[in-house]
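Chemist: Sequence:
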Amino acid sequence: MQLYLGVVPGIFPWSIEPIIHKKMTENHTGIIFSYWSFRKKKAEMVSKGLHDYFSFEGPIMVDSGAYSAFNSGVNIQVDDYASFLSEINVHDKDLIVNLDVIGDPKKSRQNWIYLTKKFDYNIIPVIHLPDTRNSYPSKDYVGLGGMVPAFKINQPGSVHDVASWLVSLSYISKTKFHGFGIGSPYHQIAFRDFLYSADWIGWRRNAAVCSCYTPEGSVYIHEARKKKKKGKSLTSYLFELYTPPFIGSYEMLYKKGTEGWINRALWNVWWFLITEDYREQIETSKYVRSLQKRISQTQFEFKTRRLYQFFQNNIK
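Note that my numbering numbers the sequence shown so that position 215 is 199, with each residue one more than the last.
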């Protein structure tokens, strides 16, 4: 699976820790940023050049950030997005994502047609959960959005519905799919057979809530806050077993303020990058096994349906 690390202004993990930069280069990991998050940085981007601004030589995916803007009560205008794209000087190896209009597939397609005519780049269209009507049948690379809310417990459209959706799409189309926002370590393993690529920006949120990823699950750094979090804590055993090579002591993870947050963030980015090395261990987790069970159930349903249709069409 091709990975893209989601970034926001203020912290570029590969610039802080050399071993992260080395691992990203070895894995050909890219980065993804949104117009909405970086629109105020345009002048600096234009002045330095896109790749020099990020101090990053690998592939860059440019997203509109339409979902984040929508949650802030703003609809991004396609001309503003197009102007931003034309000025930051995107390279040939970089990718541009269409400007979606949340809840309006027709307008989203109109934006895609507009941007495709305006630029020579391959504009990546996006469809949203639970839509299976791919209105871009000629495209060999399509983004999948609207999945992040499904990861919230007891919300309509659970992560199991995401699993079923991905299976359904794989039966309908041979298109390569990119999963927006769902590249966390556990989802990399659970959905590896259905996604060509995925991105993840959850490393920063996990760091903010004092949580670090391990193959044993997401664990809390209890000393990082006065009020202890419920759930599994990062014991000395887990720390010694799974600590990245650049974290020297447990205390580094619960230092006050920005320093502790950065250390936890770097920890999570590291596990985002090396997840595949622990695939067999992660597959045994209860969470991944539950998703794989849902995937198997959906695959069985599709096979049964196809077999029924075959007999219906061939038995007189």
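One thing to keep in mind: the hints can contain errors.
What the hints assert, rightly or not - Straight-line distance between alpha carbons at most 16 Å, and here's what the computed EDC-like set of lysine to aspartate or glutamate pairs gives:
(1) K158 x D145
(2) K91 x E71
(3) K239 x E207
(4) K26 x D64
(5) K77 x D104
(6) K277 x D145
(7) K24 x D78
(8) K240 x E267
(9) K7 x D63
(10) K270 x E200
(11) K25 x E71
(12) K90 x D124
(13) K102 x D64
(14) K25 x D88
(15) K6 x D63
(16) K160 x D104
(17) K160 x D145
(18) K123 x D145
(19) K102 x D124
(20) K101 x D63
(21) K277 x D115
(22) K277 x D261
(23) K26 x D36
(24) K7 x E207
(25) K7 x E260
(26) K77 x D115
(27) K24 x D76
What the hints assert, rightly or not - Restraint-style ranges between C-beta atoms, simulated for each label pair:
(28) D177 x K101: 33 to 39 Å
(29) Y105 x H206: 23 to 29 Å
(30) E267 x K158: 24 to 30 Å
Calculated from the structure, these hints are not laboratory results.
Note that the Cβ used here is the ideal one computed from N, Cα and C, for glycine as well.
Chemist: Are the Cα atoms of K277 and D261 separated by 16 Å or less?
Modeler: Not OK: K277 and D261 at ~22 Å, beyond 16 Å, violated.
Chemist: Taken at face value, is the distance from the CA of D124 to the CA of K102 at most 16 Å?
Modeler: 20 Å, violated
Chemist: Given the range 33 to 39 Å, decide if the beta-carbon distance of D177 to K101 lies inside it.
Modeler: Holds, at about 35 Å.
Chemist: Straight-line Cα separation of K277 and D145 no greater than 16 Å?
Modeler: 12 Å, holds
Chemist: Holds or violated: K91 with E71, Cα cutoff 16 Å?
Modeler: Violated, because 24 Å separates the two Cα atoms, which is more than 16 Å.
Chemist: Are K102 and D64 close enough, with their CA atoms no more than 16 Å apart?
Modeler: With Cα atoms ~13 Å apart, K102 and D64 stay inside 16 Å; holds.
Chemist: With the threshold set at 16 Å, check whether the alpha-carbon distance from K24 to D76 stays at or below it.
Modeler: 24 Å, violated
Chemist: Can the restraint linking K277 and D115 be considered satisfied, given a maximum Cα separation of 16 Å?
Modeler: With a Cα-Cα distance of about 22 Å, the restraint between K277 and D115 is violated, given a limit of 16 Å.
Chemist: Hinted pair, alpha-carbon criterion (16 Å max): K270, E200. Please report holds or violated.
Modeler: 10 Å, holds
Chemist: Mind checking the alpha carbons of K25 and E71 for me, to see if they're no more than 16 Å apart?
Modeler: OK: K25 and E71 at ~12 Å, within 16 Å.
Chemist: For the pair supplied as a hint, K77 and D115, confirm whether the alpha-carbon distance does not exceed 16 Å.
Modeler: 29 Å, violated
Chemist: Check the hint pairing K158 with D145 against an upper bound of 16 Å on the C-alpha distance.
Modeler: With Cα atoms ~20 Å apart, K158 and D145 exceed 16 Å; violated.
When the structure is compared with the earlier hints, violations turn up for hints 1, 2, 7, 8, 9, 12, 14, 15, 16, 17, 18, 19, 21, 22, 24, 26, 27 and 29 and for no others.
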